[in-house]
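Sequence order for the protein chains is A and B. Sequential numbering from 1 applies to the first sequence in the UniProt record's numbering. Sequential numbering from 1 applies to the second sequence in the UniProt record's numbering.
Treat each hint with caution, since some may be false.
Identical copies carry no separate label here, and so any pair may be met within one copy or between two of them.
Here are the simulated DSS-like pairs of lysine-lysine, each with C-alpha atoms no more than 25 Å apart in a straight line [claimed, not checked]:
1. Lys500 / Lys280
2. Lys616 / Lys570
3. Lys252 / Lys62
4. Lys616 / Lys451
5. Lys146 / Lys132
6. Lys249 / Lys280
7. Lys570 / Lys500
8. Lys252 / Lys280
9. Lys451 / Lys546
10. Lys280 / Lys546
11. Lys148 / Lys132
12. Lys249 / Lys500
I should point out that these hints are in silico values taken from the structure, not numbers from a laboratory.
Protein chains: 2
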Amino acid sequence: MAAAAQDFSSATPSVAKADIFHPLCPLTGAEITTTANLVRSVWPSNVDLRFKVVTLDEPPKKQMVSYLEAEHSGAPLPQIPRKAFVSYYIRNTDRFHEAVVNLSAGKVESNVRLGPNVHGNGDYDEILQVEKAALEDEGVKAALAKLKLPEGTAITADPWIYGSDGVNDDERLFQVFMYMRDPANPGELDSNHYAFPLPFSPVVECNTFKVIRLDYLPTGADNTIHELRPYEPVPPNEYLPEAQPSLRKDLKPLRVLQPEGASFTLTPAGETGHVVEWQKWSFRVGYNQREGMVLYDVRYDTRPLFYRLSLSDMNIPYADPRHPFHKKAAYDLGDAGAGAMANNLKLGCDCLGHIQYLTAVITDDKGLPVPLENCVCVHEQDAGIGWKHTNYRTGRAAVVRNRELVLQSIITVSNYEYILAFMFNQAGEVIYEVRATGILSTQPIDHELDKVGVPFGTVVHPGVLAAHHQHIFSLRIDPMLEGHANRLVYDEAHAMPLDKDWNPHGVGYTVAETVVERAGGLDLNADANRTFKIQNPAVRNPVNGKPVAYKIHAPPFQKLLAHPSSYHFKRAEFADHNIYVTTHRDRELYAGGWYTNQSRGGTGVRSFAARNDSVKDTDIVVWVQFGINHVPRIEDFPVMPCEILKVSLKPVNFFDRNPALDVPPSEQSFNQSTLATNMHHQPALEATVGKDGACCGPAEQPGKSRL
Amino acid sequence: MAAAAQDFSSATPSVAKADIFHPLCPLTGAEITTTANLVRSVWPSNVDLRFKVVTLDEPPKKQMVSYLEAEHSGAPLPQIPRKAFVSYYIRNTDRFHEAVVNLSAGKVESNVRLGPNVHGNGDYDEILQVEKAALEDEGVKAALAKLKLPEGTAITADPWIYGSDGVNDDERLFQVFMYMRDPANPGELDSNHYAFPLPFSPVVECNTFKVIRLDYLPTGADNTIHELRPYEPVPPNEYLPEAQPSLRKDLKPLRVLQPEGASFTLTPAGETGHVVEWQKWSFRVGYNQREGMVLYDVRYDTRPLFYRLSLSDMNIPYADPRHPFHKKAAYDLGDAGAGAMANNLKLGCDCLGHIQYLTAVITDDKGLPVPLENCVCVHEQDAGIGWKHTNYRTGRAAVVRNRELVLQSIITVSNYEYILAFMFNQAGEVIYEVRATGILSTQPIDHELDKVGVPFGTVVHPGVLAAHHQHIFSLRIDPMLEGHANRLVYDEAHAMPLDKDWNPHGVGYTVAETVVERAGGLDLNADANRTFKIQNPAVRNPVNGKPVAYKIHAPPFQKLLAHPSSYHFKRAEFADHNIYVTTHRDRELYAGGWYTNQSRGGTGVRSFAARNDSVKDTDIVVWVQFGINHVPRIEDFPVMPCEILKVSLKPVNFFDRNPALDVPPSEQSFNQSTLATNMHHQPALEATVGKDGACCGPAEQPGKSRL
């Protein structure tokens, strides 16, 4: 292992020096290299490894809690060994392993072979090999020949994670959906091939990268498979700006300026970590291959709120029951990685205003560090009025705007895009926002059905079907509201019974709280205004004596439609309830289980909850599910307008009054707005400044103001 | 009537000249004066009238449809008489009347006395008289004396619409809730009196403006009424910026500039109307005392969408079952008027960016026009990314931002504020947004209960209870999707049954549409993904043959909790269903009925629906209800952070592809964003411009781009 030893000494400063990083900082490039070399060192030198994940092995929470307590109190910091988590294959085999490397000690601590039916995520190199295998296959070429495509037509292969149906699917496989590009425009590499789906689909096996089967696709309203027929020309459907007949000419620039700079500070912590401070908030930003952004140690005005926040999982099952579409059920985080797929964000394109970018580092299949430049953008945005009141007796208005801090990543998962953002505001609220955009996953449909359709999809272009599908997300909240002994409760509002003494007019209603005693899945109920809250009953509001709490506002959604006996249901262990609550255990991070690719279930949050642990006043984790049943509109093609989902965490009796009261008033001297025309009734471009600088100040005629 | 005739000729140009206005333009000040004079002219000159409403009597829809067709086709315009609707009292009596004045003919067309149990809205002058009556009443003074308040303490009276309980409430009454201002700061007129509620409440009758009863308030956990006890000092709870211990000093300015001006055009139509054109949208903005903003003739790319859009009603019933709180059930639009209560918006305070303001005119109690300056602001805002796709094979990203046009009003209803906005985007979507803010309506609670509480409210300050309450809004949508024969349908997604041939793996699901045949109330069902759509089946999508439609995205909410036998339930005729659909009839504009003040029910949308009309392919109206059950947090006091609700109307198979495809790409040359620090990895301040000006263009190494 001379070579490995050499890499080791040249690429990393020293094993000991890695200790200086904060224990929650992501691995550095050097640490990734060191880790890969240490793992390689346990194998003979002729064994080639395909690395899937090389990432920080987060310290056990117990250790970290002590560390953070020491850190915040200024006490000496405990020593926590720096460790890396690794998953890898022996290249070109199905031998899949998991290892933990102790970087502080410079040794591999554990290294075990996994399986059967445990598969690692796809990686970029593998996807390219699968594409190549599909495109070069003789059977595929023979099938293409039967379509009699115009000469020069470009063919595209979209590898899909195979999914699970229990039918000969123990091997690691990819289902490849085939498309062509517009034959009339073969030189345009960015022509939208999803407008030209082809009616067959090779299956590629991933040890030898060979096509093992060619599936022919049903293109009618039932299971019938047609013989391959010559292609009938259809028009293209392009999203590129230069392909549009014309672009709008009447949109004027709108610019966001922060002439005095940003209000946040972003302090690097080691090579890869960052501490963000903004408007009384503080937290650490981590990043990994799977979840992308992870926030740790989230505090408001130094008060502890959340130990860890991240998007834990997502599942996208499709509605078409027919082979092979019945297996389409993507887990974009576990199958591919939100971190790995993050876009390189461009100033002025993806982000408007005064922006700071973060760069992360993950591994490639060879165990080499890959920098992900600009994978997170950090900026402030104006979110409209924060609060306002006008005293109608004096006419004096008090108003503040709601400034938000946004940390945003955009991920591309083959055809589709998700814009993922954590937002913080000045009223102590955290918002997680998902914008779904990108291109629908399409399949061919017979032209006879273009204007008739099928009930499990929408025709979005002649000969093109976009099947209905669900997007179900799981946001993982590891709370520490004023400490680590928290509980989950829910409030419900109920009408009081009619009672001639107490409720004679039938108008009364009350709100009652229910404590969730045991781990499990729970659901929203709008008819009862059921509202979930994370609470610390040991800490009481000084004014009204209520336990400090944060409530969860999440939009209701249709839970997973697949049958409880289906693999879809078994695998998507979070998709059947709005809320799960479990006791905290290290490594229980992913709602659908650690390895989602061709998974079989039994390793996700439904399984964690099955321990039936008491979840009252202990270290709990709350999993919030949300999503959409995407019934495509033709307006969602060729690229869909963003569909926006938000989950909010809001303080309830956590503060003793509106925490945004001390936001400076919204004033013209600060905002410098402008009048669009002279069709106005403002006395001057500068509004009148009232007493104490309040420009929305006293009316000119107190007592005569407008009601 | 010499005096009236004189006013008439001096203040209005001429009756005939009023004809030149567009039939949907609000009344001008001159028309209001003319109308009031004409109504006065039918009474002896010694009869004094109290005007409640003088507003445009909108032409019958049938006439208007012909007019709009002519207008859009350039045909000669039909003559439509200009009319005014008036409601008024014989001053200081309960004699309440409704009149229609034909301004084109210069005559009163109808004039009828209403009642019994029909009451007009409050007006500003009346509210002041009620306050005065309460404050000057000897019984009130005697009660105050028993509280032994510090010398110089200022007392405040908050008149509340009386509500209905059927107990001696035929008269026109106000229930007045009493407060004091901070005795330690008597000179501060804007001190928050809601932190100092007093334990009694006079009832004022409105013919003579006399206190007819003094209600003592229950302040414990039950119905018990204490003897008045001397006041125990409590601290104040102020929202004024200068009253805060300190304001945040680390918030940097964020400015929105439109150096080339706004993208919209706002064309005055007559003195009071406006036509807005923006990004293929066009519509007329009207304004009235009750609804505030009303949008008419909303079109996209000339295609008709909505004949009329407005907030129709809102109801705020409270949870406390005890007398007199059981009657608290505000109808802010019908009882007071969203138009009448609109704030005078200030540049740089209420609106950020490049703003245009509209001024409206309503009547006062004397029939004189009152200009409402800056009651609507119009501006554009950036709403993040509109759509994005990155081709992972080439690395080329296509991305546009989502620009929105906003029309916003802010209303103050005594203690409370609503920020009401219509928003339009470039993807053919209309959004109606409500932000609830302002101050909770408070009542006294015994200090013994401060840390114990009651189940129908939250203690928000020592001795101060904020009762739970519901906010239930009704948005009225009068559609004209490609014509006036529309229908309401809903889609539901259902799992396919397990079937060994057709759905062997249990994953399939289908979407089925149900046509709503008859007028009535309907509900959301998240478990079925029930989605309501307004459809025109006579016009089909050219690609997929589906009827053109707009779907309604509205958040679910807990319906009215009050018992079906209660007055709350009888009056709030919209509050029991997410959706109502009715056939269109002129004057059926308000979901809770035309006169909500002390109403008895039977005049709102539930009653319109009871006709059981066929609503299939005819002129329909769709009423969308949404709201919140506001269980106060202490964070909602002394002024609450905005709670945001949105209803979206989105095209479904109305266009033949994403209508925002022709939005120019998001580019740095246009957006001119800036980097927050040099901690970045952008090659330069200007991003690289790719082919055809796409700055998010090709990756440097095609084929090697990030997944």
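Hint check results:
1. Lys500 / Lys280: Close neither inside one copy (50 Å) nor across copies (59 Å); limit 25 Å.
2. Lys616 / Lys570: neither (27 Å within a copy, 43 Å between copies)
3. Lys252 / Lys62: neither (54 Å within a copy, 38 Å between copies)
4. Lys616 / Lys451: So Lys616 and Lys451 pass the 25 Å test across copies only (22 Å; inside, 56 Å).
5. Lys146 / Lys132: Classified as within: same-chain Cα gap 20 Å, cross-chain 90 Å, threshold 25 Å.
6. Lys249 / Lys280: So Lys249 and Lys280 pass the 25 Å test across copies only (11 Å; inside, 43 Å).
7. Lys570 / Lys500: between (52 Å within a copy, 19 Å between copies)
8. Lys252 / Lys280: Answer is between; shortest inter-copy Cα gap is 14 Å, intra-copy 36 Å.
9. Lys451 / Lys546: between (59 Å within a copy, 7 Å between copies)
10. Lys280 / Lys546: within (23 Å within a copy, 52 Å between copies)
11. Lys148 / Lys132: within (21 Å within a copy, 89 Å between copies)
12. Lys249 / Lys500: neither (68 Å within a copy, 55 Å between copies)
In this structure, the hints that do not hold are numbers 1, 2, 3 and 12, in rising order.
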